[in-house]
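A.B. asks: Chains as they are written, first to last, in our numbering: chain A, 6 to 226; chain B, -15 to 213.
Take the hints with a grain of salt, since some may be wrong.
Claimed, not checked - When the alpha-carbon atoms are kept at most 25 Å apart in a straight line, the in silico DSS-like pairs for lysine-lysine are as follows: (1) B:Lys155 with B:Lys125; (2) A:Lys223 with B:Lys(-1); (3) B:Lys48 with A:Lys146; (4) B:Lys68 with A:Lys89; (5) A:Lys92 with B:Lys125; (6) B:Lys111 with A:Lys48.
Rather than coming from a laboratory, the hints here were simulated on the basis of the structure.
As a plain string of letters, each chain reads:
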Amino acid sequence: MPGKPKLHYFNGRGRMESIRWLLAAAGVEFEESFLETKDDLTKLQKDGSLMFQQVPMVEIDGMKMVQTRAILGYIAAKYNLYGKDLKERALIDMYVEAIIDLNELLMTHAFQPADKKEQHLATIVDKATNRYFPVYEKVLKDHGQDFLVGNRFSRADVQLLETLLMAEECKPDILAKFPLLQSFKARISNIPTIKKFLQPGSQRKAPLQEKDVPKLMKIFH
Amino acid sequence: MAGKPKLYYFDGRGKMESIRWLLAAAGVEFEEEFLETREQYEKLLKDGSLMFQQVPMVEIDGMKMVQTRAILSYIAAKYNLYGKDLKERALIDMYVGGTDDLMGFIMIFPFLSAEDKEKQCALIVQKATSRYFPAYEKVLKDHGQNFLVGNNFSWADVHLLEAILMVEEKKSDVLSGFPHLQAFKARMSSIPTIKKFLEPGSQRKPVPDDKYVETVRRVLRMYYDMKAN
């Protein structure tokens, strides 16, 4: 009997956050089971629930899916957020893969040792403002449409918004030179499902605090 | 006018090798332009050919595609190596995710310091034999079919074969506890397009050597050592 998708992860953003965003944007209700201790992870590993012994894991449509990209790809296709044909899919994939690269940088920021943090932040800001954001600004400028691909809402828009907001958490004025990204951000944030997800009380997770890092290290190491 | 796909990368494996494998397995002829100098790379940058200033880049069907996963997915879908429906696609993506992670450990290997190389080699073998190979061995054992997904040749099979051969280059008997993977390896290697790719003179690239590392460092001005996992 198909129930709601069920997400297995720790109670924080990490690699599961993009999945939460996409489900929420698609208007799909989901449940969550949070790993609090190493035993919680071990139990999942022992009962064969994790194909490569790793989370994220999402129970959906009778499958125990692992691998973030696989999960995102399945959700996007299922809920028609993956373009209308092979070429739109290719564009979406290109945009999304780069966003994932930038997210990796943003995600690892909390884990940097104190003496490396400032330099890491400088790297994030440099890559975001010189490599990634100019591309999306140009895409929007060139076609003048509301969405990144095919004049239609897709996973690329959701994932870009997520990243823009995370980048702003690192440096509030990081979008200063990108007027179209600013209006994109406002526009996509206003989509009802996303607006709801951005409100307090939603399943969106808070940024990782330094005090939470030791607990995380205990679960995963 | 549709020509052959054209691959822009260094003359070596790196992130482009999985793309060469997939095109070859699909029986698609392709051309290659090898980056040897910084000037070539800067020209590509100036032309706006590299969306995020990075290679791999593949010219295919009028697009200048970047991002390895995007390129691989496009090729897989175009040549019917991506399953027959959403669920098969999900399985293929999961399996490819695993082999991608495994090959990721191997890909950074040439760029590690001598000291880290030894540690990394042990890590590669440990991850392969305790995390990844058991998963694929079980898949094959459970359904008893010749291919990983849907009883049909797919991207997942090509990717797994590539990963197996790469790990064997680090430890030649690494498949000794995995009879189904051994049979899988033999079976996949005999598929005509793959057999051809495995023969000398094909566009398959050899194990990365110092010259390759030097070229990458020079072209990308990437002079730091990578960190071991």
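A.B. asks: Compare the structure with each hint and give your call.
C.D. replies: Each hint tested on the structure:
A threshold of 25 Å between alpha carbons decides the hint, and for Lys155 (chain B) with Lys125 (chain B) the separation of about 23 Å falls inside it, so the pair holds. Using a Cα cut-off of 25 Å, the hinted pair Lys223 (chain A) and Lys(-1) (chain B) is violated, with the two alpha carbons roughly 33 Å apart. Between Lys48 (chain B) and Lys146 (chain A) the alpha-carbon distance is near 19 Å, which keeps this suggested pair within the 25 Å criterion. Between Lys68 (chain B) and Lys89 (chain A) the CA atoms are separated by roughly 17 Å; this keeps the pair inside 25 Å, and the hint holds.
A C-alpha spacing of about 36 Å is found between Lys92 (chain A) and Lys125 (chain B), which places the hinted pair above 25 Å, so the restraint is violated. Under the criterion of a C-alpha separation no larger than 25 Å, the hint pairing Lys111 (chain B) with Lys48 (chain A) is consistent with the structure, at around 20 Å.
Going down the numbered hints, you'll see the structure goes against 2 and 5, while the others check out.
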